[in-house]
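Number of protein chains: 2
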Amino acid sequence: MSILVVGSVAYDSVITPAGRREDSLGGSATYFSISGGRFAQVHMVAVVGEDFREDHVTLLRHHQLDLSGLTTLPGKTFRWSAEYHMDNVNSRTTLDTQLNVFVDFKPELSSDQRRQPYLFLANIDPELQLNVLEQMEERPKLVAIDTMNLWIESKPEALAEVIKRVDVVFMDENEVRMFAAPHTGSASVMKAAHYLLDLGPRMAVVKRGDHGVVQFTRDSVFAAPAFPVESVKDPTGAGDSFAGGFMGYLAYSNDLSDQGFRRASVLGSVMGSFAVEDFSVDRLHTLNRAEATARFRALSDMIRFNPLEETEVLAWREGVIFG
Amino acid sequence: MSILVVGSVAYDSVITPAGRREDSLGGSATYFSISGGRFAQVHMVAVVGEDFREDHVTLLRHHQLDLSGLTTLPGKTFRWSAEYHMDNVNSRTTLDTQLNVFVDFKPELSSDQRRQPYLFLANIDPELQLNVLEQMEERPKLVAIDTMNLWIESKPEALAEVIKRVDVVFMDENEVRMFAAPHTGSASVMKAAHYLLDLGPRMAVVKRGDHGVVQFTRDSVFAAPAFPVESVKDPTGAGDSFAGGFMGYLAYSNDLSDQGFRRASVLGSVMGSFAVEDFSVDRLHTLNRAEATARFRALSDMIRFNPLEETEVLAWREGVIFG
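Residue numbers (our numbering), protein chains in the order written: chain C, 13 to 335; chain U, 13 to 335.
Simulated from the structure, these hints should not be mistaken for laboratory data. Worth double-checking, as some hints may not be accurate.
A pair holds if it fits inside one copy or across any two, identical chains being indistinguishable in the list.
[Stated by the list, open to error] Cross-link-like lysine to aspartate or glutamate pairs, in silico, DMTMM-like; alpha carbons within 20 angstroms at most:
#, residue 1, residue 2
1, LYS203, GLU289
2, LYS203, ASP290
3, LYS153, ASP63
4, LYS118, GLU146
5, LYS203, GLU242
Chain C on its own, in the form it takes in the complex:
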């Protein structure tokens, strides 16, 4: 089955402990599509400016992405720049954001796009996410969304409306805590995830940077570790690459069982771990099947575990009672 993604295509400038890169190809829809496109047909809906480079169009075409929804508007492509910090690659400072043509991004879906069975609404204004959802001809088989602290703070009601209508919500730990805090008043990620699930989604995927993700449903929890990358060059796009692998696996396998979702998260982790090994989409671009399969096996091995037999209990020395 195939996937529709609505999100951003951007030119990113980043400074990381490994170096710096100016105006390199980025954006949520870009990372998602190149990652997910390895496993399923991805239809991109995004906007770029007149400065969008032809070799980047060629790169996206190379990945067999459907670019009929990639609109060019007068003006410049969305630009974002950030610096990542040495002691903790999970933290970053945004240096500059130039929305440019993204200001006028009002996705109008084609009749083909309206019928896609898998839908990923990347981190955009929740009102746009709602608008896209309303354009769909029928409820897709699976809808997943990403968001960020900006929307949690500025448009909590619109975001809650979106969340009520989707299946899977991707948030990082701080975001899910922030979203739930007015209601749960607690720092517990589990309580926050359950508050979110009570709104309607079947799954909350809580991202924890280089510690992997934890996916919560009403009655199960699965912790997918991150692959321990030796040298992180650029963390940009890790989350969207994760989402790409996650949705790509589901769309390919059409397996929405508990184990299907677990495989989706492990494959998402694999794709996220490759994304951060180089700047921009460089590593995702050259990645091949043998490398991805090997890392999938390595990550599976990181959680390989023989549980207790059904009737087995732990050894236990009872306390003694005195006097």
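Given the structure of chain C, go ahead and fit chain U onto it with the hints provided.
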């Protein structure tokens, strides 16, 4: 088999988002022994002052701990006080440390203690750790140590000497990075863990707070998640309770295989998760076998995963080459 632990017994005063507690029973040897004592005989070597309360001796006796190595010296028991922060229970500020009788802690092992097959050297001065190691009649079957940033900064050579002579090293992420940084110059936890393994130990157990632990050997990695506790009352002692469950399982099962160590980490996580559910050792004290077994099963389920079959590869759409 049984375990010798050398560490602290303390009176802790803590402030957490859940409340505050003054002069409650704490210390690395205390948490370790009550946790590990559920699975194997634990011999405590520690020191207390004349103010150590009789009901706390009774509590330790209840857990069938060998207290012949618990010495009382003139003066007051080691006191420590700290505040944990609302937004992130992994971070804390030490408010006060009064070493008291701990200043004169020079463990002298009895002939029985010198022959223990499992040895845990809790977070104490690495020179004391070395001194204890040298008192052992023969090399124990397994030696594990804990440490902290204070020793990494103030006594790196002595600490390295200890590390060369032990089997398992417990450190948190920042500690292992800090220890390895002068040599690896990198923020990668994996590189840091491998630097540590190159010194001699067979395993580095890297603690990540409420994200669980990752255990590294030269040729394998295992990620044991933390059990997602709904409400953390007091994070004090989580690491030592983890170490207690870890060593307790190994000493009980005498299974030093890869899967044995994996079970040890999962059981360690279980014990750590109970420790933080209440102040001091209150929850560990009342914990029973059924509760521990149920949580062990729940944690096992959090990593239950069907890996790829031996000949299976990932679905993969190759890129197209143009022109």
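Outcome of the hint check:
1. LYS203 <-> GLU289: between (33 angstroms within a copy, 15 angstroms between copies)
2. LYS203 <-> ASP290: For LYS203 and ASP290, only the inter-copy Cα distance (18 angstroms) is at most 20 angstroms; the intra-copy one is 35 angstroms.
3. LYS153 <-> ASP63: Close neither inside one copy (36 angstroms) nor across copies (66 angstroms); limit 20 angstroms.
4. LYS118 <-> GLU146: Within one copy, since 13 angstroms is at most 20 angstroms while 73 angstroms is not.
5. LYS203 <-> GLU242: between (33 angstroms within a copy, 6 angstroms between copies)
The structure shown violates just one earlier hint, number 3.
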